[in-house]
Every structure is written in structure tokens, then in C-alpha cells.
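**Student:** Start from the sequences, fold in the hints, and give me the full structure.
Residue numbers (this note's numbering), protein chains in the order written: chain U, 1 to 387; chain P, 388 to 676.
If you are wondering where the hints come from, they were derived from the structure by calculation, not from laboratory data. Any given hint could turn out to be false.
[As the list claims (entries may be wrong)] Partial chain P-side listing against chain U, Cβ under 7 Å, derived:
#	residue
1	440
2	444
3	485
4	487
5	514
6	525
7	528
8	549
9	580
10	583
11	587
[To be verified] Covered stretches of chain P, going by a simulated chain U footprint (3 or more residues, C-beta under 8 Å):
#	region
12	421-430
13	457-471
14	474-482
15	588-594
16	628-638
17	650-657
[Claimed, not checked] Far from chain P by the CB rule (all over 10 Å, computed), these chain U residues:
#	residue
18	153
19	158
20	203
21	220
22	223
23	229
24	289
25	330
26	331
27	376
Model, not experiment: these values are computed from the prediction. Don't be surprised by glycine CBs; every beta carbon is placed ideally from N, CA and C.
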Amino acid sequence: MSTAAPADVPAGVGEPAPAAAASPLESARGSAADGAGSLGSAGSADNASSADSTGTAGSADSASSASSADSTGTAGSTGSTGSTGTADGPSGPRTLRRPRPARRPRSTRRRDLLGLAPFAAYVAVFLGAPAYAVITAAFQDNAGHATLSNVTAAVEDPYRHSFVVSIELSVLSAVLGAVLGLALAVAVSGARRDGFVHRAVTTASGVLAYFGGLPLAFVFLATLGPQGLVTRWLNSAGYNLTQHGFVLWNMAGLVLVYLYFQIPLMLLVIFPALDGLRPQWEEAARSLGASRRQYWLRIGGPLLAPPFLGALLLLFANAFAAYATAYALSTGSVPLVPIQIGSVMSGNVLAGQENVGNALGLMMIVVVGLVVVAYTLLQRRTARWLR
Amino acid sequence: MTAVVSDPTGTQSPATRRPAAGRTRRRQPRIGRTILLLLFAAYFFVPLYAAVDFTLGGSRRNMGHTLSVWTGLVHQDGFTTNLMTSLKIAVGTVALLMILMVPTMAWLHLRLPHMRRIVEGICLLPMAIPAVVIANGILGAFKSWPQAITGSSWILILEYVILALPFTYRSLDAGLSAIPLATLVEAARSLGASWPTTLWRVVVPNIRTAIASAGILGAALALGEFTIAHLLLLNTFPVWTDQAGQQDGEVATTAAMLILFLSWLLLMLVSQFARGRTAKKPPKLRREK
Numbered sequence: 001m002s003t004a005a006p007a008d009v010p011a012g013v014g015e016p017a018p019a020a021a022a023s024p025l026e027s028a029r030g031s032a033a034d035g036a037g038s039l040g041s042a043g044s045a046d047n048a049s050s051a052d053s054t055g056t057a058g059s060a061d062s063a064s065s066a067s068s069a070d071s072t073g074t075a076g077s078t079g080s081t082g083s084t085g086t087a088d089g090p091s092g093p094r095t096l097r098r099p100r101p102a103r104r105p106r107s108t109r110r111r112d113l114l115g116l117a118p119f120a121a122y123v124a125v126f127l128g129a130p131a132y133a134v135i136t137a138a139f140q141d142n143a144g145h146a147t148l149s150n151v152t153a154a155v156e157d158p159y160r161h162s163f164v165v166s167i168e169l170s171v172l173s174a175v176l177g178a179v180l181g182l183a184l185a186v187a188v189s190g191a192r193r194d195g196f197v198h199r200a201v202t203t204a205s206g207v208l209a210y211f212g213g214l215p216l217a218f219v220f221l222a223t224l225g226p227q228g229l230v231t232r233w234l235n236s237a238g239y240n241l242t243q244h245g246f247v248l249w250n251m252a253g254l255v256l257v258y259l260y261f262q263i264p265l266m267l268l269v270i271f272p273a274l275d276g277l278r279p280q281w282e283e284a285a286r287s288l289g290a291s292r293r294q295y296w297l298r299i300g301g302p303l304l305a306p307p308f309l310g311a312l313l314l315l316f317a318n319a320f321a322a323y324a325t326a327y328a329l330s331t332g333s334v335p336l337v338p339i340q341i342g343s344v345m346s347g348n349v350l351a352g353q354e355n356v357g358n359a360l361g362l363m364m365i366v367v368v369g370l371v372v373v374a375y376t377l378l379q380r381r382t383a384r385w386l387r
Numbered sequence: 388m389t390a391v392v393s394d395p396t397g398t399q400s401p402a403t404r405r406p407a408a409g410r411t412r413r414r415q416p417r418i419g420r421t422i423l424l425l426l427f428a429a430y431f432f433v434p435l436y437a438a439v440d441f442t443l444g445g446s447r448r449n450m451g452h453t454l455s456v457w458t459g460l461v462h463q464d465g466f467t468t469n470l471m472t473s474l475k476i477a478v479g480t481v482a483l484l485m486i487l488m489v490p491t492m493a494w495l496h497l498r499l500p501h502m503r504r505i506v507e508g509i510c511l512l513p514m515a516i517p518a519v520v521i522a523n524g525i526l527g528a529f530k531s532w533p534q535a536i537t538g539s540s541w542i543l544i545l546e547y548v549i550l551a552l553p554f555t556y557r558s559l560d561a562g563l564s565a566i567p568l569a570t571l572v573e574a575a576r577s578l579g580a581s582w583p584t585t586l587w588r589v590v591v592p593n594i595r596t597a598i599a600s601a602g603i604l605g606a607a608l609a610l611g612e613f614t615i616a617h618l619l620l621l622n623t624f625p626v627w628t629d630q631a632g633q634q635d636g637e638v639a640t641t642a643a644m645l646i647l648f649l650s651w652l653l654l655m656l657v658s659q660f661a662r663g664r665t666a667k668k669p670p671k672l673r674r675e676k
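**Tutor:** Structural data, given as C-alpha cells:
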């Protein structure tokens, strides 16, 4: 399932299912956990003035157990209710906690960093090295001399054409997916939260957003392919799809297929934002004399604009990076950038241009990277009011 | 934007709807909304129905529906070996992912909370680098590595761990933020537990739902990944499915539906876990107190 879409991009982003569900609580939880941690150690600071967690933990333990148990309770309830306010509950020891983190000696911190070494090394080798190899090879010819010819070849035809097609497909499927997904989200958020429709749609979108890649291609071949079920239905109704210019591997077909994972992904991303619009805001606006139109124009719209734009970018990156679905639908004949890279990798390239695949890869990293950074920034902006 | 939000279905916004619940509005479900939902349902269900129908031989004329493709699947050349390869890769990916990430995340929360933003950024990097590009880079970067790694499932396991980082980070981060980690660890350490013991017997049991959902997502990813395996010319179940599709559409579609149902089952488990987490956590913490 997760081949193209999920694996490539959205798996990460697409994850918004649990992540987005958690995000409203995240800041509250985070601060609660912080509070719990520092309250616990503040307790020990009470008892032993030379509080250095490793040294005193043992001796102060019995004394601080009461207070830390206390804070455990608060942390739990804070996390679940999502209101930051309760974290301030036990205000007594709290005054002691601010200066704590700063007191930790420098050397310990440096040693602490060693704990991240395995992770850092792993990412550097298995993600950093391939990315570095692509970027450097993009500027080298076959003999290893520096050159710009790969990059210039990558922006000329036939590769320029594939960028145009890829971007067209990504924009179309992202815009349509975002608008349709939002429409569905609005329609569903009108239903009761614990009702069947709401639950079915959230569960299904959590599953379908990861459903790209190979299986999706075969599912649509069985539906709208030459021998597909719907094709046969339409044939018997006297309508021949192919004669009307529709095949699964042209632009319209690919957009139709991509929407199958774009719409659920949109739902996953936009649901928390839609649910985060508090009824009180509309009530306040209405009671101050705003019409529905004015409310959406001045309050709801501006609030939803950043998450909507962010979702749009995410869907774009998702479609732009997807490989498996388009490949399996067309057995590699659609001129999309990822498919061009794949065909260069399998030796399907002019002599002397072997590194042009790396140049194409570099440009993909630039495009997708910029889009993902913009998405992250927009998402952070949303997180400010979404809790 | 505004028009889109306020109108497409003519539905009320969630805001006004909730207070109005139970009054006249609920009793007359909007026709527009119902039609919209039905259209979406058709778009999402018809292809699935068509695919199942196709695997049951519905496209062959003069023959009724039959299970023969499904039952014959096991006897297809390469089916069992490739399925086993993919299952092994999935297990290896999940194991390596957890061995790498659980200690790292616990350490991060405990000792280096100010570094969380940075590590999150690193974990999100695989989103910004398409799998095709990673595959291309693997060929260049590991040219000098032994064939036993780069020419086998090992390289896939190692790279799938990278692809799984984004959702693993989020899942573990949410799990660790929800427990009083510092208190628990200090308590365990003060009672004489070593670091590994603390991790294994205190931290891991407390975030087991987060670990389970990250693991399931990782397994689903490893089972279905096609791009990297295909471009590195390695044989996995999805790659086999694609090759089978060039000869026999029915076999390939059946195999694809098998991956699909397997990963859906896994993903359903995740959403079940996610619901369980919000429902069960608070009482459990209270009990521990």
C-alpha cells in the first residue's frame, strides 16, 4: 500500500492521523510532562540544597515521592483535558523550578549529546550519504569532473516536458483533492461526532491516505482499465471511454486515480483544524452583530486559510514524489519526473548523460524540500490556535 | 476559500450545528449533503468492488464467479518466497526501528528536551527527499559496500527505517509526552535499576501503545514499498506483483488485494489503538498514583 504516496512523502506527513489527533493536546501534554518532571526534581531540591539529580535522586526519593505522585496526577488530567491551566495547580514548589535547567553543568550536556550519536550516525549514513551522492553526482560528468551539463540537460527537453507534466498533475490533483476533501470534511463535521458517518469517514481516511502505490494501480485497472468493470458497464450502455479520449494513463486518468489518496489525506490534515474552530468564536461574532457571511469572511476564513494552504502544499508534494502508481498504470510510459529518473537508472539514457538522473533528483529535492518547509511553517502557525 | 468553506454543500458549519443539535435542523438532513456523501462513497467503493469482482473472475465471459485465482495464488511461481521475503523485511524493519528510536527518543525527552525541534526536523527529512531520489542515491553512495548488504534485503531494511522516521517520531513523541517520564526514570534509577533495565521494564511498558502504532505503520510501509525495491532490482512481494501483472492481470490484482487487505488490517489496528489511547490513558495514570 504505502509504496508511492505514503512511503515517499506523506507517510511522514500523511501520518497526521495519530499526529494530528494528538497535536491539539501536544503542547498541553508537553508542558504537563515538563511540569511533572521539574516538579518532581523541585521536590528533591527542597530537601537537598545541592540538588544534582543523579546524586540526590536516591536520598531525596522518599521525601519527594509524595510531591511527584501529586504531579503525576496533574500531568495525567492535564494531558487528557488539554487545558494548560491546570498545570499550575500545585503552585507551591513551582517557584523553585525555573532556574533548574540552567544549573546543569556544561560538561554533562556535552556528554548527553553522545546519547544521540547512534541516531545521528544512522541518519547520516542511510539518508545523508545517498542525498549527498545525488547532489554531488548532479554536478559531475562520468569521469568525475565538475560540470553543469547535467543540470542544463535536466531543464531541457525531454526532461523539461516531464517537469511540466509532473507539476501539472501535482497541481491538478492537489487543488481538486483539497477542495473536494474540504467539502467532504465540512459535510461530515456537520454530522454527530460519535455518529456512524463521522467515525466511518475518519477511519476510512486514515486507512486510504496510505493507500498509494501498486495496489491502487491494479484496483483502478480492474475498474476503468480496458477490461474493467465500469468500462464494461459503460460499454453496454453504449459509451466507449477510450473513444472519448479517456485512458487511465493520461492526465485525466492519473488525476482521477491520485484523488483516491489525495482526498483522504486532505481529510486527515484538515479535520483537526475544522474541529478546532470553536463554536464560541462564531457565537461571539454573531452576538456582536456579524452575519454568517461576515463571520466566514473575517474569522473562519482567515483562521482556516493557513491549514488549507499547508494541506494544499502537502498534497502537491505527495503527488509530485509518487512513483509506483503511475509506473504500474503505464508500465513506465508516462513522462513524469520520478519515472524519468527511474528510467535513467535502468540505463535508458543518452550516452554521456548518465548523471542526468542525479540532476533530476536534485531538482526534485529542491522542489519537494521547499514545499515541505513551507508546509511545516504553516502547520506551526496553525498549531498556535489549534488546541 | 470562504465560499468553499461556507457553501459547498449548503451545510451548516460545525459551529452553529452543535448548539442546534436535536432541533428541527437535525430532523431534516440536507439533501445536498446526502448526495455529496453518496457520491464520495461511490467513488471510494466502486473501485474496490470492481477489483474484488475482477479477482473472482468477473471479467471472463460465460463463466461464473470463482475463487480459483485466490486458491491458485499459492501455487504461483515465486509467490511464497517473495511473500516470505517481504514479511522478513517487515519484521526486520520494525525491530531495527525500535532498537534505534526508542532509546533515542527516551534520551531526548529526558536529557535534551531543548533539542526536540532539531531531531523532529531531521526525522521529517525523508518527507522532503522522494523515494526515487533515495534509490538513486543508494546506487551512488554504497557502490563500494559489500554486495551482501547492498544486493540483498538488508539494504531495504536499513532504508525502510529511514522512511519510517517521520511517523515514528510523532508517535513516540506523543507517547513520551503523555507520561511523567522523568519521575518514572528517577524512581527506577533510585531503586537501583540500570539504564537498560529502566528502559526495558519502565519506559517501554508505559509507551507500549505508541510503540505498537509506530511498529504497525512501519510494518505496513515495509510490506507495500515498491519504489526502492524495484529500482534496486531486488525481489519483494510488491515487485513480484508488478512482474506478474505483465503476464496475468488477475493474479496481479489478487496479489495486490492481498497486500491491501493485509495493510488495511494493520492500519485498522492503529486507529483502534489511537482510540484506545485517548479513552484509557487517564484512568491508568490515576491507578499508578
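**Student:** Against chain U, does the region 628-638 of chain P show at least 3 residues with beta-carbon separation below 8 Å?
**Tutor:** holds (count 5)
**Student:** At 10 Å, judged by beta carbons, does residue 331(U) keep clear of chain P as stated?
**Tutor:** violated (7 Å)
**Student:** Grab the minimum beta-carbon distance between residue 220(U) and chain P and tell me whether it stays above 10 Å.
**Tutor:** Since the minimum Cβ distance to chain P is about 6 Å, residue 220(U) lies within 10 Å and the statement is violated.
**Student:** Double-check residue 580(P) for me: the hint is only fine if its C-beta lies closer than 7 Å to a C-beta in chain U.
**Tutor:** violated (12 Å)
**Student:** Does the closest beta carbon of chain U sit nearer than 7 Å to the beta carbon of residue 549(P)?
**Tutor:** It holds, given that the least Cβ distance between residue 549(P) and chain U is near 5 Å, below 7 Å.
**Student:** Please count how many residues of the region 650-657 of chain P have a CB within 8 Å of a CB from chain U and say whether that reaches 3.
**Tutor:** holds (count 5)
**Student:** Does residue 229(U) sit more than 10 Å from chain P, CB to CB?
**Tutor:** violated (4 Å)
**Student:** Mind checking the CB of residue 587(P) against every CB in chain U and telling me if the closest is under 7 Å?
**Tutor:** violated (16 Å)
**Student:** Confirm or reject the coverage of the region 474-482 of chain P by chain U under the rule of 3 or more residues with a beta carbon closer than 8 Å to the chain's beta carbons.
**Tutor:** Result for this restraint: violated, n = 0.
**Student:** With chain U as the partner, please determine if residue 583(P) meets the hint condition of a C-beta pair closer than 7 Å.
**Tutor:** violated (13 Å)
**Student:** Classify the label on residue 330(U) as holds or violated, using whether its beta-carbon is more than 10 Å from each beta-carbon of chain P.
**Tutor:** holds (12 Å)
**Student:** Any Cβ of chain P at or closer than 10 Å to residue 153(U), or is the non-interface label fine?
**Tutor:** The claim holds: residue 153(U) sits with its nearest Cβ about 16 Å from chain P, beyond 10 Å.
Figure legend: structure checked against the earlier numbered hints; hints not met, in rising order: 2, 3, 9, 10, 11, 13, 14, 15, 20, 21, 22, 23, 26 and 27.
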